[in-house]
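**Q** With chain F's structure known, arrange chain V with the ligands on it following the hints.
Protein chains in written order, with my numbering: chain F, 578 to 1192; chain V, 3 to 379.
Quick caveat, the hints were computed from the structure, so don't treat them as lab data. Note that beta-carbon positions come from the ideal geometry of N, C-alpha and C, so glycine has one too. Just so you know, not all the hints are guaranteed correct.
What the hints assert, rightly or not - Only part of the chain V face toward chain F is listed, based on derived beta-carbon distances under 8 Å: (1) D151; (2) A174; (3) F177; (4) L252; (5) V253; (6) A282; (7) S283; (8) P374.
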Amino acid sequence: MTIKILPEALAAQIAAGEVIERPASVVKELIENAIDAGASEIRVEMRDGGKRLLRVSDNGSGIPSGEVELAFSHHATSKLNSVDDLFRITTLGFRGEALPSIAAVSQLAMLTRSADEPAGVELRLHGGRVTQREAHAAPRGTVITVENLFYNVPARLKFMKSSGSESGHINELVSRYALAYPAIRFSLTSESRLVFQSPGSGSMADVLVAVYGADTARQMVEVSAERSDAGEPGGQGRATAAVYGYLSNPALNRANRAHMVFFVNGRLVQDRSLTFSVVEAYHTLLQVGRFPLCVLKVSVPADEVDVNVHPSKAEVKFRHPGFVPIPALSLPDGADRQGEAPRLSFGQLGLEVQRTAAPLSPPDADDRLHGREWLYPPADSAPESGTSRPDVPPDERDAPLPILRVLGQVARTYIIAEGPEGIFLIDQHAAHERILYEKFRRERQALGASAQSLLEPLAVDLTPRQAVRLADRMAVFTEVGFQIEPFGGATYLLRAVPSIMAGSDPRQSFLTILDELAEEDEGRRVEHGGVIVADLTADGTESTADPLRQRREAMLIASVCKQAAIKAGRVLSLPEMQELIGQLEQSQSPRTCPHGRPTMVKLGLDQLAREFGRR
Amino acid sequence: MKVSCLQENLHKGLGLVARAVASRSTLPVLNNILIATDQGRLKLAATDLTIGITTWIGAQIEEEGATTVPSKLLGEFVNSLPPEKIDMQLNVRTQTLNLKCSRFESNIKGMDAQEFPPIPTAGPENKLKLDPDTLRAIISQVAFAAAADESRPVLTGVLAKFDDGKITLAAADGFRLSVRTGTVSEGKAGVTAIIIPARALIELSRMIGDEEEPIEVTITKNRNQAVFHTSSTELVTQLVEGNYPDVLSLVPKSHNTRTVVGTVDFVKAVKLASFFARDASNIIRMTIEPGTDLAPGRMIVRAESQEVGDQVGEIDATVDGPAIEVAFNAKYLSEMLAVVDAAQVAIETNAPEKPGVFKMVGSDEFVHVIMPMHVNR
Ligand SMILES: Nc1ncnc2c1ncn2[C@@H]1O[C@H](COP(=O)(O)OP(=O)(O)O)[C@@H](O)[C@H]1O
Ligand SMILES: [Mg+2]
Chain F
578 MTIKILPEAL AAQIAAGEVI ERPASVVKEL IENAIDAGAS EIRVEMRDGG KRLLRVSDNG
638 SGIPSGEVEL AFSHHATSKL NSVDDLFRIT TLGFRGEALP SIAAVSQLAM LTRSADEPAG
698 VELRLHGGRV TQREAHAAPR GTVITVENLF YNVPARLKFM KSSGSESGHI NELVSRYALA
758 YPAIRFSLTS ESRLVFQSPG SGSMADVLVA VYGADTARQM VEVSAERSDA GEPGGQGRAT
818 AAVYGYLSNP ALNRANRAHM VFFVNGRLVQ DRSLTFSVVE AYHTLLQVGR FPLCVLKVSV
878 PADEVDVNVH PSKAEVKFRH PGFVPIPALS LPDGADRQGE APRLSFGQLG LEVQRTAAPL
938 SPPDADDRLH GREWLYPPAD SAPESGTSRP DVPPDERDAP LPILRVLGQV ARTYIIAEGP
998 EGIFLIDQHA AHERILYEKF RRERQALGAS AQSLLEPLAV DLTPRQAVRL ADRMAVFTEV
1058 GFQIEPFGGA TYLLRAVPSI MAGSDPRQSF LTILDELAEE DEGRRVEHGG VIVADLTADG
1118 TESTADPLRQ RREAMLIASV CKQAAIKAGR VLSLPEMQEL IGQLEQSQSP RTCPHGRPTM
1178 VKLGLDQLAR EFGRR
Chain V
3 MKVSCLQENL HKGLGLVARA VASRSTLPVL NNILIATDQG RLKLAATDLT IGITTWIGAQ
63 IEEEGATTVP SKLLGEFVNS LPPEKIDMQL NVRTQTLNLK CSRFESNIKG MDAQEFPPIP
123 TAGPENKLKL DPDTLRAIIS QVAFAAAADE SRPVLTGVLA KFDDGKITLA AADGFRLSVR
183 TGTVSEGKAG VTAIIIPARA LIELSRMIGD EEEPIEVTIT KNRNQAVFHT SSTELVTQLV
243 EGNYPDVLSL VPKSHNTRTV VGTVDFVKAV KLASFFARDA SNIIRMTIEP GTDLAPGRMI
303 VRAESQEVGD QVGEIDATVD GPAIEVAFNA KYLSEMLAVV DAAQVAIETN APEKPGVFKM
363 VGSDEFVHVI MPMHVNR
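Chain F extracted, bound-state conformation (with noise of 0.2 Å):
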């Protein structure tokens, strides 16, 4: 076999497949070209998804006419000097391989002017070759058409999907940014229709309610957190990072991460931790297998972050894991803690949506803790399919827990409470869980966790499994109220439990939480790919900031309090239930047992008119 180099124009197309795959990447690099112009304002245009035309016209700077085909040279770029540079970068652009890739497999025509130039230049490639040039009338700025993409490519052309597919990624894309860079007004049209027009307001809330409307967009909280190098040395208390952006109610959720939206330095990331940490944020308001909506802009110092993973740039890479203060986007017990970036919390976010979405201010304990007026929506409202129910209005989604009167106990499981709008199923042993559990949070928080010595420490003997999710955990089981020391071998001395688990048999229910803590492991594992887990254990400090560790805290918190908490089976009398029923409209989360399963189901009025054909 002889080595051959290659013809220029199929390395050129090898080349461009890194960057290109489909019409969507040729508007992400056309956007952020754009962006790095300085538009205000950018169009997107495409027919048959992009396949047959697609045309992005910004109002930048243009591209003087000397220039105009070195831009569509290899690594040919106006915004990287050196290689020092690379590690400063602020620009989206930077390789210089987005324009000749694009134009090496497709039939490009540009048309572009600067601002101190009175005419433009109209450049025509096919398949990377300049077919012609002229002088041309343009308005200030760069026109760029895309046609008959991959062309000159049939391996590409076969794998492109439906036209229906490919406007859907690229109208996916187009809001992303339109997110991310509320003052730049974008619009994307499809065979000459308007699908969308964000206004250019700079406000990304205006841009919600273009993208998601109006419903939607009223249940996404604005937040925002930042880290200041005032702790470190020589740090002048100036913001070193900064989290932006919105996250939904947790009412508001979907069974995958695809509105998971995160932008660092500006530029559309795809990124696990980023992604873990605010389904972390949520903690056990989401059941298991949803995921929240939002929007989030991250600013690192430039060399804090390597976007220079993969050509599409859609990974980057953080120099110092957990430096993005997004991780501390935490529960609220942990809040307050000194030396530490400021973090939002679930209970902040619960008093920021009934009233406006403001910024939030830093946390504030107090109102935390007294904020019983969080705004879950009620379970019926929870999608079960992955779409919020149209029949039920927003407003009532918001409501919170009306006042309930208890009618009785179903199966010595279940409460049947009657309330303005119609009758709730409340099941007994997850409502207690979801009281227990606040109750444990709110009290540890305030006085640290309570520990019960037992009267003679009991020896218990563990599989090896368990002993090692033990010594996983030693550290978090000693911080929610444990006292265990091991006895040699595969035996333990429980010396002491939380206090809220007295009353039920220790070794028992200590087995039992460390069975479940292997469910959540594994649940974890699948949820997460196992890659997450890993990386946050390979650099896992025991710091408290440690999402993972927060997380398993809390895990361990919601294992117990189902341990303390009655159980399904057990035959109530009229006034425990209804001192179970005032504590849970104390609940900040009433309608979830801190493990995401709902607590309560209702039965509408409006429903039962229906089922009974009164309407």
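**A** Showing chain V with the ligands alone in chain F's frame:
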């Protein structure tokens, strides 16, 4: 069967035995009360297969016989009848009990007495006699400390030890221990230790409410039942199998600080603090300070909750030993204090993480151990 008796007697008897009726049994006959003629009296009995209660009431018997009828219906019905004579007649073929009282008449469908499980009665084994007041006291001071959780059957029972004219009851739920010793009036148990379900003891103490005669206790030969016998009523209980942990050895033998406080003061302080402890893991802190030349000793009882506020109570104390602060669960303290039957309580402590021992001043028959709480900040 054809019998007559007074409404008051039948009502009282049904009330006694109804306590043993199974509350949710899958065996229908266990929801019933056995009614049978027995040597010139009318025998009423109920059982849930763990305990059985049998009582005998005076009756005029014209024709011997037995049947069982639903406890709830019969009880409610008899309760509502006027205090007059009740005539009962059984239709054996249909097992229907006909009741006549004053101008009321009813027929209650029952079930064949043959289906009712036999309730063991005391045989000629060793008997011991206990004074009813002593028995009531030792039950009330111990049984509440037994575990409620069925997963540790042994701990849901109360250990009864018999030794040299003495009976010692002990119960522990893993976090506290209550021990009470009493004197046996007469006789021998024939065994050294048994485990009695706490529930049976609680029913027993209810049953002997106003009894004045000594209570006879018999442990059956095979040692799996105990029979408590009063003049007219008998309670049989299944005993808990297994070995009771050696809890008596857990009572600390020595102490650093001994604090004596007035029971009334202590009860009040704990009660006030417990309102605040409710939202704070039920923790009550006790700070004990010995007296000086100028001031008497004192004990500060404190609870603080982030949410509702805090409460501090100070009570006079005679403190013998160094100062100490120790925290206990409010529930354990108040349950213990509820059964203390003395003007003063002695608190013996060693260290904040060591058990607290509570005694009644002037009596060494009651010892209560509570494990402390601590807080991980
Ligand atoms: N829409 C545009 N407006 C102004 N200049 C542009 C535009 N698109 C491309 N350019 C110029 O062309 C160069 C090459 O673009 P590209 O191939 O995307 O490389 P990169 O963006 O990585 O620099 C850019 O550096 C920029 O100078
Ligand atoms: Mg570019």
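**Q** Now tell me, hint by hint, if it's right for this structure.
**A** Cross-check of the supplied hints:
For the restraint placing D151 (chain V) at the interface with chain F, the shortest Cβ-Cβ distance is roughly 5 Å, inside the 8 Å limit, so the hint holds. The interface hint given for A174 (chain V) holds, since its Cβ lies 6 Å from the closest Cβ of chain F, which is under the 8 Å cut-off. Nearest Cβ of chain F to the Cβ of F177 (chain V): about 5 Å, under the 8 Å cut. The hint holds. Residue-level restraint check for L252 (chain V) holds (minimum Cβ-Cβ distance to chain F is 6 Å; threshold 8 Å).
Violation of the interface hint for V253 (chain V) is found here, the shortest Cβ-Cβ separation to chain F being roughly 10 Å, above the 8 Å cut-off. Contact between A282 (chain V) and chain F, as hinted, is supported at the beta carbon level, the nearest pair being about 6 Å apart and thus within 8 Å. A hinted interface residue such as S283 (chain V) counts as satisfied when its beta carbon comes closer than 8 Å to some beta carbon of chain F; here the least separation is about 4 Å, so the hint holds. About 6 Å separates the beta-carbon of P374 (chain V) from the nearest beta-carbon of chain F, less than 8 Å, and the hint is met.
Going through the hint list in order, the structure does not satisfy hint 5, though it satisfies all others.
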